[in-house]
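Peer 1: Okay, here's what each chain looks like letter by letter:
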Amino acid sequence: MSLATTSPTLTQPTATGLGRPARKPRPIAEFLSTYVFSKDHKVIGLQFLFSTLVWFLIGGLLALAVRWQIAWPWSDVPVLGKLFAQQGGQMAPEFYTMLFTMHATVMIFLVIIPILAGAFGNFLIPLMIGADDMAFPTLNMLSYWFMWPAFFAFGASFFVEGGAASSGWTSYPTLSTNVASSPGAGWGQTLWLIGLTMVGVSSMLGSVNYMTTIILMRAPGMTMFRLPMTIWAMFITAILQAFALPVLTAAGFMQLADRTLGTGFFSPEGNIVNNAMQATGGGQPLLWQHLFWFYSHPAVYIMILPAMGMVSDIMTTFARKPLFGYRPMVYSIAGIAGLGFIVWGHHMFISGMNPALGITFMVSTMMIALPSAVKTFNWLGTVWGGKIQFTTAMLFALSFVSMFIIGGLSGIFMAATPVDIFIHDTYFIVAHFHYVLFAGTAMGVWAGIYYWFPKMFGRTMNEFWGKAHFFLTFVFMNGTFFTMHILGAVGFPRRLADAYHYETFHHLQPLNAFMTWCAIGMVASQIIFAVNFFWSMFFGPVAGRNPWNANTLEWTAPSPPGHGNFDFQPVVYRGPYEYSVPGMEKDHLMQTDPPNAAALAAAGAAH
Amino acid sequence: MGSRLSGIFWSLLFLAVPVLGVATFAIAPAIDVWLPKDVSEHGQAIDSLFYFILALTGVVFIATEVALFWFLWKYDAAKNSRPATYIHGSHTLEVVWTIVPAATLLFLAIYQMNTWADVKMRRPVMAPTVEVVARQFEWRLRYPGRDGTLGTGDDLFLVNDLHVPVDEDVLVQLKSMDVLHSFFLPNLRIKQDAVPGMKIPVWFKATETGQFDIVCAELCGWGHYKMKGRITIESREDFDRWLETMYARQEATQPEPEPAEAVAQN
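Same order as they appear, the protein sequences are chains A and B. Note that our numbering has the first sequence beginning at 642, numbered continuously upward. Note that our numbering has the second sequence beginning at 250, numbered continuously upward.
Honestly, the hints are just simulated from the structure, not real lab data. For each residue, glycine too, the CB sits at the ideal point set by N, CA and C. Mixed in with the good hints, there may be bad ones.
Capping the alpha-carbon separation at 25 angstroms, the derived lysine-lysine pairs in DSS-like fashion look like this [unchecked claim]:
no.: 1; chain 1: B; residue 1: Lys448; chain 2: B; residue 2: Lys475
no.: 2; chain 1: B; residue 1: Lys286; chain 2: B; residue 2: Lys475
no.: 3; chain 1: B; residue 1: Lys323; chain 2: B; residue 2: Lys286
no.: 4; chain 1: B; residue 1: Lys448; chain 2: A; residue 2: Lys1227
no.: 5; chain 1: B; residue 1: Lys477; chain 2: B; residue 2: Lys286
no.: 6; chain 1: B; residue 1: Lys328; chain 2: A; residue 2: Lys1227
Simulated restraints, written as ranges between beta carbons of each label pair [said to hold, decoys possible]:
no.: 7; chain 1: B; residue 1: Arg253; chain 2: A; residue 2: Leu998; range: 53 to 61 angstroms
no.: 8; chain 1: A; residue 1: Asn995; chain 2: B; residue 2: Ser339; range: 39 to 47 angstroms
no.: 9; chain 1: A; residue 1: Leu998; chain 2: B; residue 2: Ala275; range: 34 to 42 angstroms
So that you can see chain A by itself, here it is in the shape it has in the complex:
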């Protein structure tokens, strides 16, 4: 990340506070302010990226440990068994509940949400709208540094007495509020709530910043309907976060109070746990579920909308074709976000909530499938009639579409309330959300990394190894997750340390072993990615400003862009998807290309 290019920024010259020439050179302070306590959105974005990738690895290893137990219950766990030295290498059932709780917690709160909004949102928003930085650089820095208390809280919780939280990532009371109910319900659960709150603060700071930046700091000519889909997705995601997060924060504080002050918001009268009567009561366990899902269902869209935006941009670049149905794409994102607030009850069909209410949520849930369908058809429309280049980024983007179809369609099964009675809390659900969040979002994230890597580090990643990484991940991923559908059809329940003693499930071990082998292969394939990533950072072929011949503003800046991003004032003349304009010599027309004679001629020919 070179700061040598102190290019004259014409926009907002006062927005940044770093690198003042009057200051004496102090290497350590300089290093800290450049790479650690930086207010540059790109550095903050990369800080988010590196941190979340480290947690991605941790979350993946936790998943492997979970899969190990499901495939070969009570057998000695390699490495982990020795590390935690329990029962001579065997996994204790409470350790298993902790593993899947923390796998989900890490993946959702420390990987997916921060990698999309934190890493890509930070890095891309100012670059793609033509701003020199975020509206509030200090807030932006804080949004990253608030992640660290969360890292510490979640990380430390593994080592406290009783271990980390073990009441599921949904943390349902009274398992989570009653300290006597499980080993992880002690300090582990308290640290979990603190960590969650910190992640929330970080997201909130980010979301305020993104909204302000996108509304106020667009380059001249960049109207809202000339924004790339990535920015639209980030914008609507930020709105979702701003409205949904306060509810989770409040609920988190209530649960914390239940645990530490004995308030009893979520515990009913006369609750007897472990033969001990609880002192307080008067609460309702379902209240937590409502509050939690009021945030966490919109959060599902927070976890996929940015990936949808990025995939749309990447697909147009490599199909060399305008996005099919730009406005419907924008409206469907808005539709998903709006409906996203009134579907939370579909997590609670069999929770004891009034069944009549279940019907309401069933209808709204069916309807939210509609904007997703519209998006899928438009992506298909985008590749139709294109000139497709099978780059690594494109392959990941295409697989996002292919896999999102599966994840979207399986959602209809559980939206159907009567079918949900049977498949709720089974592996069918696990299949569904892994298709949306891993096969969907994570593929979108990889597409984004391969695509914007040249802008981040000035070099391109190796294409051959990128494709090898894609191929292995794609194959192993489907081996792991597709099988979960049929496992769920048997009714195989989630979160059981050992289900084979049930007559209904005793014959499913070989299938689970197959899935675990695939999961091991999937995690192992990431070694290729890690090596390619770091090798390319230093030794990859140097990329120019616009290695993919793309149209959006970030490709007009140097790779990597210096502080202040642009070495000229970007002025926008058109939308982001003018590929293959008839009558033009080159097949792309950048947003900043002035409407010269050739372009005018092309425009004339088009009409």
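Following the hints, position chain B against chain A.
Peer 2: Frame of chain A, contents of chain B only:
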């Protein structure tokens, strides 16, 4: 990235998704990785809805995935020399692919309401057959004694061994003593969370005799995996005889039924 072969390879990889996806679902019933045997009256409706949605989503799945494959195959830059089509969308198409799925989804929503109401809303008018109280990590059962009323001194107490008569409405009163649990009867297509502080009615009519699993389907702590019960569906005569036997056994061993107090508090 130019070679024609690579385009063929990647297109076929995407074709493998619908091919192997359909194959998985086709093979699953043959290797017994499929819906467990249904022995309930309402289960038929749930299963046929499952198959209906499977067919519907299956068609959409195959159509969209094959379309994706075909576009990749046909519009590979290495293969075709034509420029990309310069098109920004189609109003007609957008209208069609908004209205058709909207109508389908709305139909699906309305179509299933009746089944949902049968299973969760149209509760039979009767006294509870049995009260099930979930606790870490067992199912405590309480049958009304000879007086037919729950909560009186002559109730029958059992653990994990649920018996119900066949071809009769059964009404279970579901409670929890400590944390959330979920009363899951895979073969009866029943699942209902047990919530501390709530009394939730669950009803079904079994159509066949036999022994089946009771599974806890909501995380309830470290022993969640072993919170296992059995349900025995038997004829009215067998059921009555069993009740009598159990009742006699309880009277012989427990003149003052002690668990009554602990459970009654709940």
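Peer 1: Determine for every hint whether it applies to the structure shown.
Peer 2: Results for each hint:
1. The suggested pairing of Lys448 (chain B) with Lys475 (chain B) holds, with an alpha-carbon distance near 24 angstroms, which does not exceed 25 angstroms.
2. The hinted pair formed by Lys286 (chain B) and Lys475 (chain B) meets the criterion: a straight-line CA distance of about 22 angstroms does not exceed 25 angstroms.
3. For the hint pairing Lys323 (chain B) with Lys286 (chain B), the CA-to-CA distance comes to about 45 angstroms; that exceeds 25 angstroms, so the pair is violated.
4. Restraint check: the Cα-Cα separation between Lys448 (chain B) and Lys1227 (chain A) comes to about 70 angstroms, which exceeds 25 angstroms; the hinted pair is violated.
5. Straight-line distance between C-alpha atoms of Lys477 (chain B) and Lys286 (chain B) comes to about 19 angstroms, which keeps the hinted pair within the 25 angstroms bound.
6. In summary, the hint linking Lys328 (chain B) to Lys1227 (chain A) is supported, as the alpha carbons are separated by about 19 angstroms, within the 25 angstroms threshold.
7. Our hint of 53 to 61 angstroms for Arg253 (chain B) and Leu998 (chain A) holds, since their Cβ atoms are close to 56 angstroms apart.
8. Taken as a hint, the range 39 to 47 angstroms holds for the pair Asn995 (chain A) and Ser339 (chain B), whose Cβ atoms sit roughly 43 angstroms apart.
9. Judged by the Cβ atoms, the range 34 to 42 angstroms given for Leu998 (chain A) and Ala275 (chain B) holds: they are separated by roughly 37 angstroms.
Violated hints, listed in ascending order, are 3, 4; each of the other numbered hints is respected by the structure.
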